[in-house]
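S.K.: From first to last, the protein sequence lines stand for chains A and B.
Under the working numbering, the first residue of the first sequence is numbered 1, with each subsequent residue one higher.
Under the working numbering, the first residue of the second sequence is numbered 1, with each subsequent residue one higher.
Some hints here could point you the wrong way.
As the list claims (entries may be wrong) - A short list of chain A residues far from chain B (calculated; beta carbon distances all over 10 Å): (1) 4; (2) 8; (3) 10; (4) 54; (5) 86; (6) 101; (7) 102; (8) 116.
Unchecked claim - Residues from chain B that face chain A, not an exhaustive set, calculated with beta carbons under 10 Å: (9) 4; (10) 7; (11) 9; (12) 52.
It should be emphasised that the hints constitute simulated quantities derived from the structure, not laboratory data.
Remember, it's a predicted structure, so these values are computed and weren't measured experimentally.
Glycine included, C-beta positions come from ideal geometry on N, C-alpha and C.
Here's the letter readout for the chains.
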Amino acid sequence: MHDIHIPGSPSTPDIHGDAAAGILAIRGDSYPENSFELFSPVIDWVRAFLAGDDRLLRLDLGLVYLNTSSVKAMMDIFDLLEEAHGRGRPVAVRWTYDPRNGQIAELAEEFREDCTFPFEIVPC
Amino acid sequence: MESPNLLDLRELCTQQRVMLCFNGPISKNLIEEFGTALKNYLDSEQLQASSVIDVFSVYIEMTQNIRHYTVARGYAGADATATVVISHEDDGRYAVMAGNLVEAEDGQRLCATLEGIAALDKEGLKAAYKKRLREPVAEGAVRSGAGLGLYHIARKSSQPLAASLKPQPDGRVFFCLRATV
Chain A
1 MHDIHIPGSP
11 STPDIHGDAA
21 AGILAIRGDS
31 YPENSFELFS
41 PVIDWVRAFL
51 AGDDRLLRLD
61 LGLVYLNTSS
71 VKAMMDIFDL
81 LEEAHGRGRP
91 VAVRWTYDPR
101 NGQIAELAEE
111 FREDCTFPFE
121 IVPC
Chain B
1 MESPNLLDLR
11 ELCTQQRVML
21 CFNGPISKNL
31 IEEFGTALKN
41 YLDSEQLQAS
51 SVIDVFSVYI
61 EMTQNIRHYT
71 VARGYAGADA
81 TATVVISHED
91 DGRYAVMAGN
101 LVEAEDGQRL
111 CATLEGIAAL
121 DKEGLKAAYK
131 KRLREPVAEG
141 AVRSGAGLGL
151 YHIARKSSQP
161 LAASLKPQPD
171 GRVFFCLRAT
181 V
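So that you can see chain A by itself, here it is in the shape it has in the complex (with noise of 0.2 Å):
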C-alpha cells in the first residue's frame, strides 16, 4: 500500500495519506474548479486501504473553506467511512478548527450527521 502525498496551494488542500500510520491527513481551503479531478486519487486511497487489512483509518481535518464540489467529494469519503464502519472496521474522523470561525464547525457537524462512526469536531 503507498503513501498519497498532494502538497496544497491557495486554492487546495495539503493532503497526505500515511498508509503505514492509518491517517489520512487534509488541510487548508478546497476550492479548486475541478474536485473531481483532485479528489478522484484521494477517493481511491481510501477504498485501496480499507480493502486491505483491518486497521484502523483515522482522518485528520484540518478543512477550512470548502466549496461545494468539495463537499461532495468529503462525501464520497465519509460514505466510503460509513461503509467499512458497518462491515465492523474501525474508522475514525478528528476535524479541527479555530473556535473563531463556526461556519467550519456547522459544516462538519452537518458531515457528522450523516455518519455512525466516531466523528470528533473539536475547537483548537
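Fit chain B to the known structure of chain A by using the hints.
M.R.: Below, chain B without anything else, positioned relative to chain A:
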C-alpha cells in the same frame, strides 16, 4: 468610438457603494486571484471570520458556476464574460452579484430552479441541499460541478435570491443573480 468614461464609472461605483467589481472573460486563475483580493478586503474590514467565509463562498459558487457553464457551452472571448459586483448594503451586509450570457432555455431552467428554491424555508433548503448532495452527477453534466451551488448560495443569503433575465439581440439572455450575505 468614444472611450469609456472612467470617472462616470467610478462615480457610479462609489454611489452604489461597490467594494469590488469585475467585467471580463473569466478564468480559473482570475477567480482565485480576485477571490484572494476579496478575502483580504473583507479581513481589512474587521469582519468576523465566519462572515468572510460566507461572502467568499457565495462569490466562489457564483463565479465557478459561470465558469463551468461557459466551459460546458464552449463559450470563449466576449461570450465567456462575467460581470461580478460585491457592494456594501446599508445594514452592514454585502450584496454579491454575478451575471453572464446564457442560452434562453438555460435561463428559463435556472429561473425555474430558483423559484423552487425560493419556496423552501430554512429546514427545507437544508433537506434539498443534502438530497442534491447525494444525487449522482447527471450524465453529460460538467463533472466537476455538483449542481449544489445555487442551494448553497440560497442558504447563505439573508434575503431571498433575486434573479433576472434580460433578452439580448442575439437571442440569448443575460442572467443575473444577487445574494445578500
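S.K.: Hints first: check each against the structure and report whether it holds.
M.R.: Taking the hints in turn, this is what the structure says about them:
The claim that residue 4 of chain A lies off the interface holds: its Cβ sits roughly 20 Å from the closest Cβ of chain B, which is beyond the 10 Å cut-off. At roughly 13 Å, the least C-beta separation between residue 8 of chain A and chain B is larger than 10 Å, which holds for a residue marked as non-interface. With a least beta-carbon separation of about 6 Å from chain B, residue 10 of chain A fails to lie farther than 10 Å from that chain, contradicting its non-interface assignment. The claim that residue 54 of chain A is not at the interface with chain B holds, since no C-beta of that chain comes within 10 Å of its own (minimum 28 Å).
For residue 86 of chain A, the requirement that its beta carbon stay farther than 10 Å from each beta carbon of chain B is met, with the minimum near 17 Å. At roughly 4 Å from the closest C-beta of chain B, the C-beta of residue 101 of chain A falls inside 10 Å, breaking its exclusion from the interface. Residue 102 of chain A, annotated as away from the interface, has a beta carbon of chain B within 10 Å; the closest lies near 5 Å. Listed as a non-interface residue, residue 116 of chain A keeps its Cβ farther than 10 Å from every Cβ of chain B; the least gap is roughly 16 Å.
The beta carbon of residue 4 of chain B comes no nearer than 30 Å to any beta carbon in chain A, farther than 10 Å, and the hint placing it at the interface is violated. Here the hint on residue 7 of chain B is broken, as its CB sits about 34 Å from the closest CB of chain A, past 10 Å. With 10 Å as the threshold, the beta carbon of residue 9 of chain B stays out of range of chain A, its nearest partner Cβ sitting at about 29 Å, so the hint is violated. For residue 52 of chain B, the shortest C-beta to C-beta distance to chain A is roughly 9 Å, which falls under 10 Å, so the interface hint holds.
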